[in-house]
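Enquirer: If you read the protein sequences in the order shown, they are chains A and B.
Under the working numbering, residues 1 to 320 are what the first sequence spells out, in order.
Under the working numbering, residues 1 to 320 are what the second sequence spells out, in order.
Watch out, some of these pointers could steer you wrong.
[As the list claims (entries may be wrong)] Here are the computed lysine-lysine pairs in the PhoX-like style, where the Cα-Cα straight-line distance is at most 20 angstroms: (1) A/K172 x B/K172; (2) A/K270 x A/K281; (3) B/K236 x B/K204; (4) B/K182 x B/K172; (5) A/K182 x B/K285; (6) A/K292 x B/K95; (7) B/K172 x A/K280; (8) A/K182 x B/K281.
[As the list claims (entries may be wrong)] Chain A is faced by these chain B residues, among others (derived, beta-carbon under 10 angstroms): (9) I148; (10) M161; (11) I169; (12) F256; (13) S258; (14) S286.
The hints are simulated quantities; they were obtained by calculation from the structure and are not laboratory data.
Yeah, the Cβ is synthetic: ideal placement off N, Cα and C, and Gly gets one too.
2 protein chains.
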Amino acid sequence: MEKKPYVIGLDLGGTNSEFGIVDQNANIIASTRVKTAGHGNDPNQYVDDCVAALRPIIEQVGGIEKIHAMGIGAPNGNYYSGAIEFAPNLPWKGKIPLAQMFSERLGIPVRLTNDANAAAMGEMQYGAARGMQNFIMITLGTGVGSGIVVNGQMVLGCDGMAGELGHVIVEKDGRQCGCGRKGCLEAYCSATGVARTAREIIEKTDKPTILRDIPLDKIESKDVAIAAGKGDEVAKQIFEETGRILGEACANFAAFSSPEAFIFFGGLTKAGDLIMEPIKKAYEKSVLRIFKDKAKFLVSELDGAGAAVLGASALGWEVK
Amino acid sequence: MEKKPYVIGLDLGGTNSEFGIVDQNANIIASTRVKTAGHGNDPNQYVDDCVAALRPIIEQVGGIEKIHAMGIGAPNGNYYSGAIEFAPNLPWKGKIPLAQMFSERLGIPVRLTNDANAAAMGEMQYGAARGMQNFIMITLGTGVGSGIVVNGQMVLGCDGMAGELGHVIVEKDGRQCGCGRKGCLEAYCSATGVARTAREIIEKTDKPTILRDIPLDKIESKDVAIAAGKGDEVAKQIFEETGRILGEACANFAAFSSPEAFIFFGGLTKAGDLIMEPIKKAYEKSVLRIFKDKAKFLVSELDGAGAAVLGASALGWEVK
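Kindly produce the complete structure, drawing on both the sequences and the hints.
Expert: Below, the structure written as structure tokens:
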């Protein structure tokens, strides 16, 4: 049976819930946005409000009979259960069976996974990973997420929660991480981690840097990127160090699944070669000999507005 | 079509090449052994000599028409190419297309993979991993090997060489490893690594231990296990420390594939709870909260003589 022409993608973030109706060529035909918070504590109200916002754009493309399925990318999303489970930055507590809740209201199949897995699916469906059977997607945002594809399939694990490479410990007794443990990759290589590295250097050294012009608690990773772009040595050193940690971590990941490519996504990739070159250099220096010069290091081809919605929508195409 | 009743398994080690003819219930019906070295530098001579040794046991089970296929587990075995690639401890240099060489002589399909993957296949076919879709096999021998199963399939990677968890770096600038890098899991948690830990403690401390009765360069992991069994505090501490390193490494592996179980195989597992308890304790202490109390820690059900042959033979059953 021919698939219907469109899928709905939902990128569910802490602030906004972005919806898009997407065709097979990665065109977002129609879109809408709902604030994630502000619907009371009852997730039913949130879903009702979302469906109300979706109705007009569904009509716009010819009605629900034109929609094949819906995909949701959400923090702590569990593919197996279709639920968001204990997401610290969302308004709801416990396990929320969001896939089922949308499916019942819209009358179409709904798949849900975590945001980094959705990004990997998007890359495989429309982006830099088309045709790849083995790759690792690393999202460098407020946190560090990952989506791992092995033999052409998402690695979900026994519980649907696999692929948490941001919480691999890279520094024993290192920086405190939001997860309660110490030394996680995320504590160093997220946007937050980069800003923290900047603050540490400013506080602990007297190296000259234009970053000192910004109040210490206001420094963001974006400021570091801008400073590095202007040739600021401290800012360049921060990306060098962040890239080194990422590259060494990727060398360990290679020993796991020997991927054809590592694909990076998110704000930090906007620093371009400033971050990508140190990643590659550290990787090739530290990886086991049999893996040298094999893996590609790529930046997402979907980066920018709509990428996360496209990623979520790719889940919809998975529905047979 | 019904499968023929037997497969041949070959466990190809640095010293011996062990052959077994195996039925679907993991019974080794007939077996033979060929020295791996001593056939000159030409692998053709080795394969010819192996086939000559196999002929009588093949006749014993009713001839080659009773044999479904052959599986080989070998160091640096590459499943995709069917070749042994640059194995440091074998008599042949470069890439040896061993699967093809046996297949041409025997007239049956032959599959080859590395020894740890073969162990994982054996566990899935006949042992502790029956029915599991996601698990990690860790072999604690002269080195540390691994076979990773995700979604019911071996993780082979883009090049057939995935699953080298013995070479994940667990200690930055740590012990020199045989691979040329520093701080690999294998440098601490192999049998060799355990003996090395014993020698370090004896040399660097004056703690009393019966291990001092053995000449320093003669201490083996087996001696440490015997001493620990007798209640020797230093020996128990060595297993405690080895288990801690393994458990912390497994906590990082969980962030990758969230396996249902970690299954351990090899000589060190004979230490039983002395090693397994510290592994579990360190794992639960250091793993990300969402993975706590989920993974089982098991010892191979095939441990002992014939296990590696069974593992190799399981590859034969994979042939459709």
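Enquirer: For every hint, state whether the structure bears it out.
Expert: Verification of the supplied hints:
Straight-line distance between C-alpha atoms of A/K172 and B/K172 comes to about 9 angstroms, which keeps the hinted pair within the 20 angstroms bound. Among the hinted pairs, A/K270 with A/K281 is consistent with the structure: their alpha-carbon atoms are about 18 angstroms apart, no more than 20 angstroms. Restraint check for B/K236 and B/K204: the C-alpha separation of about 17 angstroms stays at or below 20 angstroms, so the hint holds. About 7 angstroms separates the Cα atoms of B/K182 and B/K172, which keeps this hinted pair within 20 angstroms; it holds.
The straight-line distance between the Cα atoms of A/K182 and B/K285 is roughly 12 angstroms, inside the 20 angstroms bound, and the hint therefore holds. Between A/K292 and B/K95 the CA atoms are separated by roughly 17 angstroms; this keeps the pair inside 20 angstroms, and the hint holds. Between B/K172 and A/K280 the alpha-carbon distance is near 19 angstroms, which keeps this suggested pair within the 20 angstroms criterion. Only pairs whose Cα atoms come within 20 angstroms are accepted, and A/K182 paired with B/K281 is accepted, the gap being roughly 17 angstroms.
With a cut of 10 angstroms, the hint placing B/I148 at the interface with chain A holds, because the nearest CB-to-CB distance is about 7 angstroms. The beta carbon of B/M161 is positioned within 10 angstroms of a beta carbon in chain A (closest approach about 5 angstroms), and the interface hint is therefore held. Checking B/I169 against chain A by beta carbon gives a least distance of about 6 angstroms; that is within 10 angstroms, so the hint holds. Residue-level restraint check for B/F256 holds (minimum Cβ-Cβ distance to chain A is 5 angstroms; threshold 10 angstroms).
At about 3 angstroms, the closest approach between the beta carbon of B/S258 and any beta carbon in chain A falls short of 10 angstroms, and the interface hint on this residue holds. Annotation: interface hint on B/S286 holds; nearest CB of chain A at approximately 7 angstroms, less than 10 angstroms.
Taken one by one, the earlier hints all hold for this structure without exception.
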